[in-house]
Amino acid sequence: MSKKVKVFTLILAFMMIFTACSSSGGSTDGETPPGEPGGSKDKVTLKIGLPGSYEVTSKEIIDGFIASHPHINVEIQEAPWGDFTSKIATQIAGNTMPDVWFQENATILSYGQRGVAEDLSSYIEADLKADEYIDGLFSAKTPEGKIWGVPHGINPIALAYNQDVFEKAGVPVPTDDWTYDDLIEASKKLTIKEGDKTSQFGFIGSFSITNGWFPWIKQAGGSALDDTLTKSRFDDPKTAVGLQQLYDGLDQGYFADIDFLKANGGELEVFASGKAAMYFLQYSLQVNMNESFADTNWDVVKIPKGVDGKRYVPMVANTWLVSSRAKQESKDAAWEFLKYYLGDEVQDMIVKTGSTLPVKKSALDQLKDSTTKPLNKEAFTDGINEGGVTLDENATWSEWRILVQQVVNEIMVGNVSVEDGVKDIHTKVQDVLDSSK
Amino acid sequence: MQKQGYWGYIFTLPFVINVVVFLLFPIVFSTYISFTEWDLFNAPRWIGLDNWVRVLNKHEFWVSIRNVFMFALIFVPIQTIMAFVIAFMLNQAIRAKGLFRLFYFLPVVTPWIAGGVVWVWMFNYQYGVINWVLESIGLDPVKWIDSSNWLMVVSSIAIVQVWKGVGQSMIMILAGMQNVPKEVLEASQIDGANGWKQLTKVVFPMVTPMVYLVMILSTISAFQAFDVFLGLFGSITTGIPERNMVPNLLVYRDAFLLFKMGPASATAWLLFVIILGFTLFQKYFEKKWVHYD
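Chains as they are written, first to last, in our numbering: chain P, 48 to 484; chain R, 61 to 353.
Hints are not guaranteed to be accurate.
[Claimed, not checked] To give an idea of the interface, some chain R residues facing chain P are shown, with a C-beta separation under 8 Å as derived from the structure: (1) Thr298; (2) Gly299; (3) Ile300.
Note that these hints are calculated values from the structure, not bench results.
Since this is a predicted model, take the numbers as computed values, not measurements.
Beta carbons are placed, not taken as given, at the ideal position from N, Cα and C, and that holds for glycine.
Only chain P is shown next, with the shape it has when bound in the complex:
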């Protein structure tokens, strides 16, 4: 070998080392790693992506699936909830993503539009009885009828109230018949001012989407988008009315504002300690309430009715999707997993964790016998049945939601008037919707 060839070989060896280091390996090749006991070439490998790891998806469920499906070789890929989005985006770009994983429903919708998610409508039609499930099963359905995933669970809101605060003030506790006007009136009565400072508020005036501006605009008869999810409805005067009511509460001081919440440990702490009498609480937060504030005397009712007498219960779903780029055998294994997930055994387990509501009706029925706070869990379950709505989620949700939030924040701290704010939002949101066509 000449010297040149030697050097070339050496360079090649270096490059191979580097390439080997950068390759993440692993694919849906259906092979079991060598040396693994019981491995056979027929075994299908299923890669499951778990954001938030077993804190979000209980380990019991995964272990149960592994035990009951010996022909499927399960590989778990975990990442903290906050890092999962960037990890999965990189994996998708490099074509090394898991076969099945879950993320926020709105994100799933955009993955579907980009051709990453498998349309599950035919699988659902073949294997599930839709009437055994609540409508939330179809959170990831597009107006065109494609279903980009099935829910990991549903997380609706209800009106939580601090019983002791109501009793002390001699104000009757909320009921399912309340309207938003009742909520506002009660908030005024429950607010205690000491000089310039307010020591107790009636309600927590959150201005995030799920328990803030979205329910307020829905109850006033407005909406973010129209039914086809292609037109902005921020130009609807009713939408502005809802935002105005929320702003008035904050401005006139009977809703707790963001500074007060920050200074007093956050929404949950303010509600639990009785510094605010009412709160639009998401179902999953009951776990934190029971862990951190076991002594608080609280319960929930359905969120108040809107001006048209109807109820709108915003609900957030995290959704499992199957990668459209997986091999067919892995897709089938992924659907096996999702079927197992939507089956009685797992749905009952989900009820017990309390971190999310299951989508199967039979499992939901069990909540009636629950003895943990809040006792009136039907406020959540019946609420969904009566008026469960998603947050007008579509494929561009992440984009227009950020734009709306930017302006809503400005409105709520008084930097922009509601009138000017909604005009600005309407133009921006419609721009995003139009550019995605």
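Here the structure of chain P is known, so what remains is to put chain R in place on it, guided by the hints.
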């Protein structure tokens, strides 16, 4: 001789690969994707100058440029002057010199996540310590980072950036000052120069290369400001108002939250052009005041 030459190439190979993979390739690739529509998930589609035109036509891009320009204009002079003054003080024969140097350098090693939380609290309109001090001396509270006036917000954040960066700049200038020969200072003293004259006529001219370096680095870091804005505003998803945006926040949002790699790359390149322009501008005036002898 020739054999030694080969080994040289081989030993530098890992670094060459590093530069090619992590610097040259991203530079070339980002130029390419700035001319494409790419969502990370599907193959890039060539769309010519569309991204560039779209970014240049966007109001928020110009708002972000205005903000970062003002941010640099406020931050760079304050940081440079403060770093110089502090370095001069710490170069004197004072007690507990080490302690003071540590004190000024501490923010440099404080992570933004912690520093940001503390500053957000200090700036809080109702409960912040800064407004508490103002109120206790009979002044009205000020909306710092919640203000509807973008200049107020940008100025407040520039102050935080000074807090974070002054330590590093101070160390650089201090290093320059310590190289000023004692004999020169003594000679100037014999000639009757007082403290101020010594500072302006002797010390400053001799450390101008360091001051210049600090200015260039501060300008670049100002235009690249990202952590300070994110640290103080929390997160993009919670809604940073458009009037408070800076280019790097737009790049981050477009690339990693919205998967619009094309516009993100075009914005990043435009930012590069602006930083280059400013650096060349500073370089042009270098000869007029920087002494290298």
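Results of checking the hints against the structure:
1. At a threshold of 8 Å, the smallest CB-CB gap from R/Thr298 to chain P is about 7 Å, leaving the interface hint in force.
2. The closest approach between the C-beta of R/Gly299 and any C-beta of chain P is roughly 3 Å, which is under the 8 Å cut-off, so the hint is satisfied.
3. At a threshold of 8 Å, the smallest CB-CB gap from R/Ile300 to chain P is about 6 Å, leaving the interface hint in force.
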